[in-house]
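S.K.: Here are the chains, one letter per residue:
Protein chains: 2
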Amino acid sequence: MRSISRILLLTAAFFLGPLVAVHAQAPPALTQVPGYYRIQLGQFEITAIYDGTIYLKTKLLHNTKPEDLDRLLARMFVGTPAMQTAVNAYLINTGEHLVLVDAGAAKLFGPNLGHVVDNMTASGYDPAQIDTVIITHMHGDHVGGLRDQEGKPLFPQAAILVSQAENDYWLSEKTAAAAPEEARPFFKMAHDAAAPYLTTGQWKTFVEGAVLVPGIKAVKAPGHTPGHTAYAVESAGQKLLIWGDIVHAHAVQFAKPDISIDFDTDQKQAIVTRKAIMQEMAASQSLVAGMHLPFPGIGHVRAEGKGHYAWVPVEFTPLGQADTKK
Amino acid sequence: MRSISRILLLTAAFFLGPLVAVHAQAPPALTQVPGYYRIQLGQFEITAIYDGTIYLKTKLLHNTKPEDLDRLLARMFVGTPAMQTAVNAYLINTGEHLVLVDAGAAKLFGPNLGHVVDNMTASGYDPAQIDTVIITHMHGDHVGGLRDQEGKPLFPQAAILVSQAENDYWLSEKTAAAAPEEARPFFKMAHDAAAPYLTTGQWKTFVEGAVLVPGIKAVKAPGHTPGHTAYAVESAGQKLLIWGDIVHAHAVQFAKPDISIDFDTDQKQAIVTRKAIMQEMAASQSLVAGMHLPFPGIGHVRAEGKGHYAWVPVEFTPLGQADTKK
Numbered sequence: 155m156r157s158i159s160r161i162l163l164l165t166a167a168f169f170l171g172p173l174v175a176v177h178a179q180a181p182p183a184l185t186q187v188p189g190y191y192r193i194q195l196g197q198f199e200i201t202a203i204y205d206g207t208i209y210l211k212t213k214l215l216h217n218t219k220p221e222d223l224d225r226l227l228a229r230m231f232v233g234t235p236a237m238q239t240a241v242n243a244y245l246i247n248t249g250e251h252l253v254l255v256d257a258g259a260a261k262l263f264g265p266n267l268g269h270v271v272d273n274m275t276a277s278g279y280d281p282a283q284i285d286t287v288i289i290t291h292m293h294g295d296h297v298g299g300l301r302d303q304e305g306k307p308l309f310p311q312a313a314i315l316v317s318q319a320e321n322d323y324w325l326s327e328k329t330a331a332a333a334p335e336e337a338r339p340f341f342k343m344a345h346d347a348a349a350p351y352l353t354t355g356q357w358k359t360f361v362e363g364a365v366l367v368p369g370i371k372a373v374k375a376p377g378h379t380p381g382h383t384a385y386a387v388e389s390a391g392q393k394l395l396i397w398g399d400i401v402h403a404h405a406v407q408f409a410k411p412d413i414s415i416d417f418d419t420d421q422k423q424a425i426v427t428r429k430a431i432m433q434e435m436a437a438s439q440s441l442v443a444g445m446h447l448p449f450p451g452i453g454h455v456r457a458e459g460k461g462h463y464a465w466v467p468v469e470f471t472p473l474g475q476a477d478t479k480k
Numbered sequence: 155m156r157s158i159s160r161i162l163l164l165t166a167a168f169f170l171g172p173l174v175a176v177h178a179q180a181p182p183a184l185t186q187v188p189g190y191y192r193i194q195l196g197q198f199e200i201t202a203i204y205d206g207t208i209y210l211k212t213k214l215l216h217n218t219k220p221e222d223l224d225r226l227l228a229r230m231f232v233g234t235p236a237m238q239t240a241v242n243a244y245l246i247n248t249g250e251h252l253v254l255v256d257a258g259a260a261k262l263f264g265p266n267l268g269h270v271v272d273n274m275t276a277s278g279y280d281p282a283q284i285d286t287v288i289i290t291h292m293h294g295d296h297v298g299g300l301r302d303q304e305g306k307p308l309f310p311q312a313a314i315l316v317s318q319a320e321n322d323y324w325l326s327e328k329t330a331a332a333a334p335e336e337a338r339p340f341f342k343m344a345h346d347a348a349a350p351y352l353t354t355g356q357w358k359t360f361v362e363g364a365v366l367v368p369g370i371k372a373v374k375a376p377g378h379t380p381g382h383t384a385y386a387v388e389s390a391g392q393k394l395l396i397w398g399d400i401v402h403a404h405a406v407q408f409a410k411p412d413i414s415i416d417f418d419t420d421q422k423q424a425i426v427t428r429k430a431i432m433q434e435m436a437a438s439q440s441l442v443a444g445m446h447l448p449f450p451g452i453g454h455v456r457a458e459g460k461g462h463y464a465w466v467p468v469e470f471t472p473l474g475q476a477d478t479k480k
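Residue numbers (this note's numbering), protein chains in the order written: chain H, 155 to 480; chain P, 155 to 480.
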């Protein structure tokens, strides 16, 4: 090593200032990495699938003051007045079933969404392989992606499972008729998504608490919508709660779960449910996945004093490698 | 809509209990998404490239008590006694230059590392296209990846730029000879990485403060190693500091920057530098990228009271879409 050292020091050129300009030998790649991310949960493989981004105006948030909101958003470097908000879906391969949880927005909410099929394909799966689709609730950004651009079923082999309460609310003629004018489009989106599967007989309802496939159980989580449902996934003792729309504005609602959003059908119940689930997740240290948490939207909830919480996303980890407990 | 509603409700089947068991029509995909992630910084395209994971024992950390450590790790859901720690590199396409910052560990630190070339290729670039490699410091997990498995230069077209102080320390015969036995392998790794490029004349040194290519400036950040250098990247008014090894244990060192790690050559200076840079980054709200922050390792530093900080990773965002300020 000693003789090498001497040679190295003598031959090291001294570099001063910019290199002679040469043009980069490659144009910008311009492509983002595909929008999927995997974790192993016991024997189950979970794939987070990115549908895209929606920008939600901060004025949609209730139970807060502008100065509090600005402070909470700034500390998480989230833009205002429109918060970047992910739309995620989750694919679960249990070995026996290939289950999709929610289907994204398709093109119902603009060009930044509708990438579930692209990203699912990039991740190695095809919509025709899915045998079960379970729906957290029937808002357009969760069920829009059930249909293709011609309005035909995108999941020809799948049973589409939705809670009885959710089914009854959104597909009720009476409720739709009684809804205020601005809510009508949401009823139409829900109808449109369900219609082709009702025709084929693939649309099925379940009661809360049902085990939908072995290892995936429906958990009542009402407020955001009447039949809003979380899904408790468990394999080999490892647990993940896919909690749907418990949080829309992560920068705000973990710190202050009292803050609700305009889309919550029952604001008070949504707050009660959010607080109960956050408390339970923080206490149990269960993994959580959320449809509007920053992609991949998988992580843990930490209690931060009484009634306040923080979101801790999982660290990027290759598959088949020891986890952080190693 | 009304007549459709009635039909839908009548035809909705009621689902009870598990579906009849069918085997999933697809085996588990078993692959993780490729380890790259892009952001646009003004006119520059920045690609974070994942080299892999190293597990660092918590006993490597100094200036702390076990009970404090356990609490800090637990609140970030980081495993103990071995902390999952990313090794990242960054590729910058300035339009004029294609610049790689650090080259990963190759196979110097086990099978979980050495993926810079794979992931760079997946991201759309080839090592032969790179015209400039800049090195934050000459530890093996940053320079090991300069060579291929036969020990030949992996970057045949690139100037390899390293600070004069770093060059002089690691390639000094005297310093290597005076180093304690356990430090010798680090000197050998640095020598081995530099040797083929010294032979070809591609190895070049610079003085602190030098502009290496337009938009990328060397910033003195000593302590971790004598010539440890951060890189200030700026395009069209947008700023990113690639800070190298200012942080190894994110769960611990943002909250308590006084905690140092065994690898810091000058523990006191490393702490002084870490505190100064964190303070500056929190105040300026500049983007930061770090070689051992959870991949992609890009985000912001938030001040949390006097002398404490928190890490806020960027949200996954497609390229060519409005950022969070929209």
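If you are wondering where the hints come from, they were derived from the structure by calculation, not from laboratory data. There may be inaccurate statements among the hints.
No copy labels: a pair is met if it fits in one copy or bridges any two.
Said to hold, decoys possible - Calculated pairs, DSS-like style, for lysine-lysine (alpha carbon to alpha carbon, straight line, at most 30 angstroms):
hint: 1; residue 1: Lys422; residue 2: Lys211
hint: 2; residue 1: Lys211; residue 2: Lys371
hint: 3; residue 1: Lys460; residue 2: Lys219
hint: 4; residue 1: Lys211; residue 2: Lys393
hint: 5; residue 1: Lys422; residue 2: Lys213
hint: 6; residue 1: Lys393; residue 2: Lys342
hint: 7; residue 1: Lys328; residue 2: Lys460
S.K.: All the hints need checking, so say for each whether the structure fits it.
M.R.: Cross-check of the supplied hints:
Only within a single protomer do Lys422 and Lys211 lie at most 30 angstroms apart by alpha-carbon distance; the minimum there is 21 angstroms, versus 46 angstroms between protomers. In the homo-oligomer, the alpha carbons of Lys211 and Lys371 never lie at most 30 angstroms apart, since the shortest distance is 33 angstroms inside one protomer and 38 angstroms across protomers. Taking CA atoms no more than 30 angstroms apart as the test, Lys460 paired with Lys219 passes in both settings, with 20 angstroms inside one copy and 26 angstroms between copies. In this homomeric assembly, Lys211 and Lys393 come within 30 angstroms of each other (Cα to Cα) only across copies, at 27 angstroms, whereas the closest approach inside a single copy is 33 angstroms.
When the C-alpha separation of Lys422 and Lys213 is checked against a cutoff of 30 angstroms, the pair qualifies only within one copy, where the shortest distance is 18 angstroms, while the shortest distance between copies is 48 angstroms. For the identical chains of this complex, Lys393 and Lys342 are neighbours neither inside a copy (35 angstroms) nor across copies (45 angstroms), given an alpha-carbon limit of 30 angstroms. Taking the shortest Cα distances, Lys328 and Lys460 never come within 30 angstroms of each other, neither inside one copy (42 angstroms) nor across copies (58 angstroms).
The earlier numbered hints that this structure contradicts are 2, 6, 7.
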